[in-house]
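In our numbering, the protein residues as written are 1 to 462.
Hints in this document: simulated from the structure, not taken from any laboratory. Positions of the beta carbon are idealized from the N, C-alpha and C atoms, including for glycine. Errors might be hidden in some of the hints.
Here are the simulated distance ranges between beta carbons [what the hints assert, rightly or not]:
| hint | residue 1 | residue 2 | range |
| --- | --- | --- | --- |
| 1 | Lys308 | Thr375 | 22 to 32 Å |
| 2 | Leu44 | Ala71 | 44 to 54 Å |
| 3 | Val222 | Met260 | 28 to 38 Å |
| 4 | Pro398 | Arg186 | 50 to 60 Å |
| 5 | Tyr42 | Thr139 | 52 to 62 Å |
| 6 | Arg189 | Pro398 | 51 to 61 Å |
| 7 | Lys308 | Glu195 | 53 to 63 Å |
| 8 | Gln51 | Thr139 | 21 to 31 Å |
| 9 | Gly204 | Glu263 | 40 to 50 Å |
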Amino acid sequence: MLKQKAVSGKSSRLLRSTPFRLALAFGLLFILAFLVAGIITYQLLKRDLAQALDDSVRETYSVVASTYSPADIEDLVAAVAAYARLNNAEDSIFLLSGDKGKRLAGNVSPFAAQDGLSTIESGDIGQKGDDRIRILAGTVGGNRLIVGESFAETEDLERIALMSFGWATGGIVLLACGGGAFLAARAQRRLDGIERAMSDVSAGDLARRIPLEGNGDDIDVVAAHMNQALDRLSALVEGMRQVSADIAHDLKTPLNRLKMTVEQAIEQGGRGEDVRPLLIDAREESDRINATFEALLRISQIEAGARKARFRPVDISDIMASVAEIYCGVAEDNGQSLDFAARPASPCMVNGDRELLTQLFVNLVENAINHCPPTTRITLALQAGDDGFAAGISDDGPGIPEAERELVFRRLYRLDKSRTTSGSGLGLSLVKAIADLHAARITLTDRHPGLGVTLVFPAQQG
1 MLKQKAVSGK
11 SSRLLRSTPF
21 RLALAFGLLF
31 ILAFLVAGII
41 TYQLLKRDLA
51 QALDDSVRET
61 YSVVASTYSP
71 ADIEDLVAAV
81 AAYARLNNAE
91 DSIFLLSGDK
101 GKRLAGNVSP
111 FAAQDGLSTI
121 ESGDIGQKGD
131 DRIRILAGTV
141 GGNRLIVGES
151 FAETEDLERI
161 ALMSFGWATG
171 GIVLLACGGG
181 AFLAARAQRR
191 LDGIERAMSD
201 VSAGDLARRI
211 PLEGNGDDID
221 VVAAHMNQAL
231 DRLSALVEGM
241 RQVSADIAHD
251 LKTPLNRLKM
261 TVEQAIEQGG
271 RGEDVRPLLI
281 DAREESDRIN
291 ATFEALLRIS
301 QIEAGARKAR
311 FRPVDISDIM
321 ASVAEIYCGV
331 AEDNGQSLDF
341 AARPASPCMV
351 NGDRELLTQL
361 FVNLVENAIN
371 HCPPTTRITL
381 ALQAGDDGFA
391 AGISDDGPGI
401 PEAERELVFR
411 RLYRLDKSRT
421 TSGSGLGLSL
431 VKAIADLHAA
441 RITLTDRHPG
451 LGVTLVFPAQ
461 QG
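Let the hints inform the model, and build the full structure from the sequences given.
Next up, the structure:
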């Protein structure tokens, strides 16, 4: 009983589905077009058969009449008699009568007929049945000549054509309905897969994806884009979870430290001691916390694409040169070296926000300077390729373990060994956000020793 209800509900749903209605509509249009074409073809065939019958009657009449010679009717009588003997009166009629209506030759009794082509019934000439006969009547040498052929053969051909058309119509209807139902059910099954996947996602299963057929049709294209959107949604939700956890973990310590500093200031103030150093520490701690939240907010704004309105053609080579010039002295003060080793002679134009791209390279250079020991060599390089420009920043420092190369782009994530250094763990997260905004691919590689960061920017279009 439950199975019958399930089948009935599934059938009812299929009947109400858009694919089924579209298939039904196209099927009906196809059947209608076939019917119109068939009716037109049948009418043309019917007309051609009627014309062929008229031509045959005229030709036979002409042949018989041509046997007549003036003052010699014997040949005409013989010709009519010969045709009458060779043809059944039910199929063809021949009649030659004198001026007084007396039959001279033929296979039917004399009857009245108008000159020219006309159609009579078999009963009009005393024959059984209701067959129609096409006749041609005229006067030859003062005698009445009538030649006719039955519609039986023509009607048989019309009947065969009509039956063939009927069977073809039935086959077309079955094919259209069956094929339409099959295609509709197939499309509906794929739409049901999309619906189930989206329902699971709505229920919290962000790992659910829409199955693809792999044939590249419209539904596959839409499903692929929806899967990409789900990937993005899953990444954003996971990022929010990670950020929430990291904020709770990483900001708990500075907030507690700020609280302890304020409480210590209150106690010392109550004893009349100088609390200005403690207040200065509290202010610096609050500034660091505010800077962390401002960086998080900026990353969110960049990921939302709000800065795309400021995109302009910019020379990425000029930006890297400016950053290298500014931080060259900083690296030297830290006992390191920084140089822009290789770059194309011509400008490397990309569509982007100059301020954000400058921030990107500043963060990468500062990250190398802050987390590499003295004597480290930091190198910037830029190469032009077929699909854009590859910007690289490399060093010969300690590098990043392979297991953590993807994790460093997470917000507030810091390597264990860098917990003793200053920073909020948002520098590379900001780099990743800016790179994604500019459709740039970013990869981290091991240089044995050291770390290599490569960003591939698409060239400016147009």
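Evaluation of the provided hints:
no.: 1; hint: Lys308 to Thr375: 22 to 32 Å; in the structure: violated, 41 Å
no.: 2; hint: Leu44 to Ala71: 44 to 54 Å; in the structure: holds, 47 Å
no.: 3; hint: Val222 to Met260: 28 to 38 Å; in the structure: violated, 56 Å
no.: 4; hint: Pro398 to Arg186: 50 to 60 Å; in the structure: holds, 57 Å
no.: 5; hint: Tyr42 to Thr139: 52 to 62 Å; in the structure: violated, 38 Å
no.: 6; hint: Arg189 to Pro398: 51 to 61 Å; in the structure: holds, 55 Å
no.: 7; hint: Lys308 to Glu195: 53 to 63 Å; in the structure: violated, 33 Å
no.: 8; hint: Gln51 to Thr139: 21 to 31 Å; in the structure: holds, 25 Å
no.: 9; hint: Gly204 to Glu263: 40 to 50 Å; in the structure: holds, 42 Å
Violated hints, listed in ascending order, are 1, 3, 5, 7; each of the other numbered hints is respected by the structure.
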